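*Asks:* Sequence:
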Amino acid sequence: MTIGRDGTVSAELASGGGLSQIGQFQLTRFANPAGLTPIGRNLYAPTNASGDPIVGNPGLQGAGMLTQGVLEASNVNVVEEMVNMIETQRAYEINSKAISAADGMLRFLNNNL
1 MTIGRDGTVS
11 AELASGGGLS
21 QIGQFQLTRF
31 ANPAGLTPIG
41 RNLYAPTNAS
51 GDPIVGNPGL
61 QGAGMLTQGV
71 LEASNVNVVE
81 EMVNMIETQR
91 AYEINSKAIS
101 AADGMLRFLN
111 NNL
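The letter at position 95 of the sequence shown is residue 95 when you use the working numbering, and the numbering goes up by one with no holes.
Derived from the structure by calculation, the hints contain no laboratory data. Be aware that a few hints might be false.
[Stated by the list, open to error] Here are the in silico distance ranges between beta carbons for each label pair:
#, residue 1, residue 2, range
1, Ala102, Val70, 51 to 57 angstroms
2, Ala102, Ala49, 46 to 52 angstroms
3, Asn42, Gln68, 18 to 24 angstroms
4, Ser96, Arg41, 37 to 43 angstroms
5, Leu36, Asn75, 15 to 21 angstroms
6, Leu106, Asn32, 49 to 55 angstroms
7, Ala101, Val70, 52 to 58 angstroms
8, Gly16, Ala49, 47 to 53 angstroms
9, Ala73, Ile99, 37 to 43 angstroms
Since the structure is predicted, the reported quantities are computational estimates derived from the model, not experimental observations. Where a beta carbon is used, it is the ideal one built from N, C-alpha and C, also for glycine.
Using the sequences provided together with the hints, build the complete structure.
*Replies:* Put into structure tokens, the structure is as follows:
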């Protein structure tokens with residue numbers, strides 16, 4: 001079985017004769033994807049804010065294309081994000097110590113004047 005970039009599903013049937021088209025995938029788009037409501041398990045439901053669904057074949061009218069045999073990966077680099085988090089934490093600690101030091105100096109001045 002193969003899936004073409006245009007969404008056609010083809011398979012070699014037991015009767016022979018090469019590949020036969022047995023189906024067609026369609027994609028659904030929305031004018032405002034941010035308006036979709038998450039309903040869990042990576043599923044979304046349309047709302048008035050998302051607009052009406054626009055159904056079409058892949059590659060037509062602005063719809064994306066399909067690729068067979070590709071595994072979707074995360075767009076987050078875990079190591080880079082961990083380094084960013086550590087840098088942010090260290091900056092927070094430095095700022096916190098600076099505020100504490102300034103507070104201590106002001107307290108000293110206030111008590112001794």
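*Asks:* Could you tell me whether the CB distance from Leu106 to Asn32 stays inside 49 to 55 angstroms?
*Replies:* holds (51 angstroms)
*Asks:* Take the C-beta atom of Asn42 and the C-beta atom of Gln68, compute their distance, and say whether it sits inside 18 to 24 angstroms.
*Replies:* holds (20 angstroms)
*Asks:* So does Ala102 sit 46 to 52 angstroms from Ala49, Cβ to Cβ?
*Replies:* holds (47 angstroms)
*Asks:* Take the C-beta atom of Gly16 and the C-beta atom of Ala49, compute their distance, and say whether it sits inside 47 to 53 angstroms.
*Replies:* holds (51 angstroms)
*Asks:* Please test the hint of 15 to 21 angstroms on the beta carbon pair from Leu36 and Asn75.
*Replies:* holds (19 angstroms)
*Asks:* With respect to the beta-carbon atoms only, verify the hint that Ala73 and Ile99 lie 37 to 43 angstroms apart.
*Replies:* Roughly 41 angstroms apart at Cβ, these two residues keep to the hinted range, so it holds.
*Asks:* Look at the Cβ atoms of Ala102 and Val70 and judge whether their distance stays inside 51 to 57 angstroms.
*Replies:* holds (55 angstroms)
*Asks:* Between Ala101 and Val70, does the beta-carbon spacing fit 52 to 58 angstroms?
*Replies:* For Val70 against Ala101, whose Cβ atoms are near 54 angstroms apart, the range 52 to 58 angstroms holds.
*Asks:* Does the Cβ distance between Ser96 and Arg41 fall inside 37 to 43 angstroms?
*Replies:* holds (40 angstroms)
The structure fails none of the hints (numbered hints given earlier).
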